[in-house]
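There are 4 protein chains.
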Amino acid sequence: MPVATKLKKTSNEIPTLVRVDPSQPGETQANIHTRWHPEIPCVATVPVGKPFRVECLDYSGSQVHNDDNADDIVHLDHDSDHHLSGPFSVPGSMPGDVLEIEILDVTPFPDHNWGYCVTAPGLGSLDDEDKETLVTKSIWDFYGNETSSRHVPHVAFQGRPHAGVIGTAPSKKLLEHWVKRESDLEVATAGKAGCSLPQPKGAYVGQDLDDELREKIYREGARTSPGREHGGNIDIGLATRGSRMYLPVYIPGASLSVGDTHFCQSDGEPTTAIEMAGIVTLRVNIIPQGVQQLCMKSPMYRTSPSEPIYRDRLCFTGLSVDKDGNQTNQSGLLAYRNAAFQAIEYLISFGYTREQAYILLSAAPIDSRVVATANRPNFVVSIGLPTEIFDFDILPRVNGITDDKKRVIQGPALPSVRVNGKVADGFNHEH
Amino acid sequence: MPVATKLKKTSNEIPTLVRVDPSQPGETQANIHTRWHPEIPCVATVPVGKPFRVECLDYSGSQVHNDDNADDIVHLDHDSDHHLSGPFSVPGSMPGDVLEIEILDVTPFPDHNWGYCVTAPGLGSLDDEDKETLVTKSIWDFYGNETSSRHVPHVAFQGRPHAGVIGTAPSKKLLEHWVKRESDLEVATAGKAGCSLPQPKGAYVGQDLDDELREKIYREGARTSPGREHGGNIDIGLATRGSRMYLPVYIPGASLSVGDTHFCQSDGEPTTAIEMAGIVTLRVNIIPQGVQQLCMKSPMYRTSPSEPIYRDRLCFTGLSVDKDGNQTNQSGLLAYRNAAFQAIEYLISFGYTREQAYILLSAAPIDSRVVATANRPNFVVSIGLPTEIFDFDILPRVNGITDDKKRVIQGPALPSVRVNGKVADGFNHEH
Amino acid sequence: MPVATKLKKTSNEIPTLVRVDPSQPGETQANIHTRWHPEIPCVATVPVGKPFRVECLDYSGSQVHNDDNADDIVHLDHDSDHHLSGPFSVPGSMPGDVLEIEILDVTPFPDHNWGYCVTAPGLGSLDDEDKETLVTKSIWDFYGNETSSRHVPHVAFQGRPHAGVIGTAPSKKLLEHWVKRESDLEVATAGKAGCSLPQPKGAYVGQDLDDELREKIYREGARTSPGREHGGNIDIGLATRGSRMYLPVYIPGASLSVGDTHFCQSDGEPTTAIEMAGIVTLRVNIIPQGVQQLCMKSPMYRTSPSEPIYRDRLCFTGLSVDKDGNQTNQSGLLAYRNAAFQAIEYLISFGYTREQAYILLSAAPIDSRVVATANRPNFVVSIGLPTEIFDFDILPRVNGITDDKKRVIQGPALPSVRVNGKVADGFNHEH
Amino acid sequence: MPVATKLKKTSNEIPTLVRVDPSQPGETQANIHTRWHPEIPCVATVPVGKPFRVECLDYSGSQVHNDDNADDIVHLDHDSDHHLSGPFSVPGSMPGDVLEIEILDVTPFPDHNWGYCVTAPGLGSLDDEDKETLVTKSIWDFYGNETSSRHVPHVAFQGRPHAGVIGTAPSKKLLEHWVKRESDLEVATAGKAGCSLPQPKGAYVGQDLDDELREKIYREGARTSPGREHGGNIDIGLATRGSRMYLPVYIPGASLSVGDTHFCQSDGEPTTAIEMAGIVTLRVNIIPQGVQQLCMKSPMYRTSPSEPIYRDRLCFTGLSVDKDGNQTNQSGLLAYRNAAFQAIEYLISFGYTREQAYILLSAAPIDSRVVATANRPNFVVSIGLPTEIFDFDILPRVNGITDDKKRVIQGPALPSVRVNGKVADGFNHEH
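Chains as they are written, first to last, in full-length UniProt numbering: chain A, 1 to 431; chain B, 1 to 431; chain C, 1 to 431; chain D, 1 to 431.
Looking at chain A on its own, in the form it has when it is part of the complex (with noise of 0.2 Å):
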């Protein structure tokens, strides 16, 4: 008779620490915050060590809908920007400690298989005072870790879905450096630089708090927009599941939160991401006074072997030189943009509009590259199309592109509005 080993059963339930309705408005959930601040309670303790699920919206809190009309983009409101679900504590994590943050999976929700890009002037890295960008949406439709878009035809993709935004609270004094010196820098460029500054205008914390403390975390909290030492909107599109962050501690118990999931994004995502509601599973390590062994001043990361790589690219180079022919001094945005506008007039060519140029640079699984920053004063930056991603030859040939090949380019319009040259109310940044 055989003699088994007896152990003690064990079980590998993952728990969800934050559920959410991505069918419902941000601002009417619990366990969501649009703004960072050291006081905002945490909502769960995470288990050290052990794995755990967070569901999150998608960036805008549900604002966005999964229909051929772009009314609700001209709408949106980018005042609360990113819906964020936590914080969570990490116990036993103080100051000067470092997560180690394994992203074990992101997924979008079982029912709710679709994400969105958007285009508005205003928006993003790529705005072009001589060519006016259409307000747009297009949806993209998941199909496993598959996506293509009826907005967008000819292209499917492998995504690479990750959390755009994941960090930790800020201390009260590393808060208030944040405010200082974005407020100076809007300051000096006259507002040109758009950075947003706190303010009460859609901020929320879906959590119990007393009157006092909600107006000051109201008046105070750092805006979602820009990825900051504490990690936040940092949008690694190459933090894919079996990645890792490394993120510094500020405060006791660190108070991570995380949010703004994307099915894909490109290096460099001009505009927007495929943005998407979604569910994050995540596993966290503490490395104690990492900061000052890993000598850490801004976040990092480890890539994945699962992340999709499509080897066979089409690349596009950009100088630092300004389209009136002005060289600048090794200007990297410009850089980046000059190889985007160049391949986005190469997608133009083969019939695709401007916005959905547009959108591929930035939801794709685009590869960028800083190439030379040594050879003053040119800073070059190249931008990859992988080439396996459209259904159709988009290489060089000896023969060049024919006319033929700009005819390639057929389907369903992208649902677009023009807001007569102006932006349109929802935007808060100008050009």
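Keep in mind that a hint or two might mislead.
If chains are identical, the list can't say which one is meant, so a pair holds when it fits in one copy or spans any two.
[What the hints assert, rightly or not] The calculated lysine-lysine pairs, modelled on DSSO-like cross-linking and capped at a C-alpha distance of 30 Å, are:
#	residue 1	residue 2
1	K192	K131
2	K180	K297
3	K201	K180
4	K297	K323
5	K180	K192
6	K192	K216
7	K173	K131
8	K173	K323
9	K323	K192
10	K173	K216
11	K323	K180
12	K172	K323
13	K297	K216
14	K192	K297
15	K323	K131
16	K131	K297
17	K131	K180
18	K50	K180
19	K172	K216
20	K50	K297
21	K50	K216
22	K173	K192
23	K50	K323
Hints are computed from structural coordinates only; laboratory data are not their basis.
Got chain A sorted already, so can you dock chains B, C and D onto it with the hints?
Same frame as chain A, now just chains B, C and D:
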């Protein structure tokens, strides 16, 4: 009795259009030039559609020696900068066409299996006013496609050999435009941009020329430091064997030049690559009216299936905030520098010197991505160290980096020279 | 006022054609079958060109439990073998057509995040008369796309989820051919080949059938163990999300079935994969007369850009020489076994048990190549262990594997049962 | 005045241990041998831990010429088979040790940029009694790491150069064992196994030997065709630059030999690789008592980050059922052959000849996997054609492969000879 198919014998002997001697100074050799100018006479004609070879000096024109002494670096003449082979006439190519240049191979000379890296104050993109950069030289030995250095221990990697410079000659008009835009920037920045403007000092053309033309080219010729819309010193680390480059033609016959061969270079190349003399095998095709067909404004390239891939990478991010805590308006260069400084500090924690770390960031097959560009006011860049190239474990562990790890790095010192906090004479860039 | 493009709302809700309960025995559930037969009625119709989901039981039909006791394995009933979902009718498909089946996704059930591996005497391809294989069970927990096992310590890896079985129904003629050829082999080998021939024991069809048809199917239906020209249990570890499978159609409507979902499996799968209940998302297209067009004799597939790649591998070769030193005439199975045994011995040298090593060879994302086939009389196979999946260094070093390394492996024992050197009842294969 | 660090000058000149002339017959050259025997005197001593070069003839010893006529193939002498360089003494290595051999580089001779493939009846693993294989020769030109053939149009690929043969000398006892086991098989199969047994015809050792020893070696020396436990003709296509090989030592000093350089070879190599004369750069380390430490029974290797990867592959499976429909008991060779035949038929459907397709399967960087080994009675193998190496679209489409596609292949015919259904004299294997 067997009946054999009879066809004429063919041959694939690959002609070498230019030969050079990597042991002799560039200025003593024919077929070498150090400026961009449309009137530099072509030295050979490209067999369109067929492979050919070009031998190239290292960028310095053989000024650097394989020894353990950095004196040659202290006295390095940068006025000549890149010693290029060519130019080559591409018969049939006309302004507006695009050259498709297949990079069939880039190798060192068989009996010259080494290259070098340089650091120096004023050179590269990581000047740091708080920390003096020593003048250093490191010698890298090549063992097939592997390289390692007796001056930077505990690391070895596969190279991705490429030509740092490959470009077509500018038209007279384009040349004038380059000079004007760079002069304007020099004026606007009171010289801080560090542009290298035309000057006879360091100019060289190895061809026979009448005095008047020589004087004209030396006076007008554009310096080779920056990459520009024609290609030139665009330093694309991914443009290794198996890749293709697309460059515009500005004058009849194109006048293609190539040089600045590298054994390996990071994305971003903050100081020098592993500079070497090398042999480049190319095949050139013409895309008629390609500039219009491909919407080309600056070079394009296509990646290679032969690029070595180090998939597991530890990545460091950088934001566009300066070291005093001031927020810039999306400075890409600053973001890159911040990511690089963080990686350097991390490497120093294992025992490398600052200069060894700096060299690694520039010489190794490091991936550098533009991460996010739309999250004002921060531009985010990341730099990824391949974990496999070190012979010790560089990954963060829950116990951090122990003191034990700090003893990892041992070996001969990096040849270096301290120049009393002053820029060495040979360097033409100032802070 | 903005003018919006108005298009009708669309939806991508993905229909689930079959639902199953992974906590209940397969034989109690509708829409499950355990034999191949053309007369098994279809349970649903595939929406050609559109995605759909199919829920699948693990191959055993829920016989295995998540605990630390191998008793369920000792009593495992293999007569039923694969519990398949379907069959599904593909409208419009005719004999001679080929189905292009896009494997859009394969995932575990959200609340069933575990799978198991099995070893047992008589199971798998690594029987070794000199060394008894214990009956063991290991439980693998899934954390996103990562898996690890409390029973096989010091290893974790990204999965490549796939359906081990996907196949079309045979025609009556093909079914008869299968039975004949396998019966002939059973006779020729006096039962040593271990073919599973048709038998009512273990046969199951969940659909309502009249008694006569049920009896016929149970009597005639082909066993599901071997992969065959229709696909079936072809166990392609690379057929993960983003891949495509091409299968021939033998009867009108194709009658496609799917099941045997795996979280991960090596190339070669010498014992079981990480067996799990799972949800498969597919999209099916028809290639008319594809059998002729594609010259198809057995299944084809196309790889996926989403396959996790572990690039650094330590590989073991195997030759077709048996352990007594006898040369076989290019036995591929023997070459595979020899490579596997060598890898197993190597893993044992770090402290793993023989069964743990055996499981790793079968469950992990291991690359196995046919190396050389033309060098008579040796057929050479290699098996590559990805170095990154271990949390210790498995590479050979100049000092070899030290005794210190042998202490690496610690952790709870593998649940196992010794069955007195006899094959456990549940297993239908004998040595 | 600067103070420089002074260190002694060092050099990395890589010694070449053996030079050969690829334009002269192997049998006229020193340092070449065509048999395995422990008493062949070493021709040079390996500098342990330091790189060295070895020049190698092609396997045939320069019998094949770069022309368009297959007559040399008809008369190819296979009795000599592999013309190996060496052997080399590895000082300090003792029986039971393992050599770690770093494959630093494998390249063609600079002025000998071509290789060849051969098909012939009786050669390779795809003999097909229904279809005669013509004697053919195809010449492949090398352009850097790219190759293409004037005889096999519409395809070009990056190579993975390697040495097909690398092995240590057998001990006397091992040599006797090899001969016995292969002779036994020849007897058991009545010669059908096609083993090449020792014979003086074709034996050659370029070293000075006294007559008695020469006669002994020629009489006893093992033939080089099969890979064996010492390595030898193990033909690992992945063992390209950057990889490492691990081989056991059987006699003091190891007596390492290398040869049979290939520009590229598929996994499985059913006929010849792209055979070339080449230069191999190696570095050898000794793992004392490595055979025991590494549990080594046959060679091990480690993959290279420089291996070209073609990620998108169309794969063909093969089962162990013969063409008459008879089921074998997991014949791996048959499974491989079936997958190969299906791929060949597929390629023929685009217009390639049978021999051109056969060559592609053997010469191109094709991935071949052992898919499944435990699903009795079928062993499953797959062969994956990289889609990117063709200049037309090889993927199945919903409309199948149109007649239009069949017109794709054009170009000069493959040099070939029909030998009246008879095996050409030069081939020593019979059906």
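Inset, instruction - Hint by hint, work out which the structure violates, then give me just those numbers in ascending order. - result: Going through the list in order, the structure violates hints 18, 21, 23 and respects the others.
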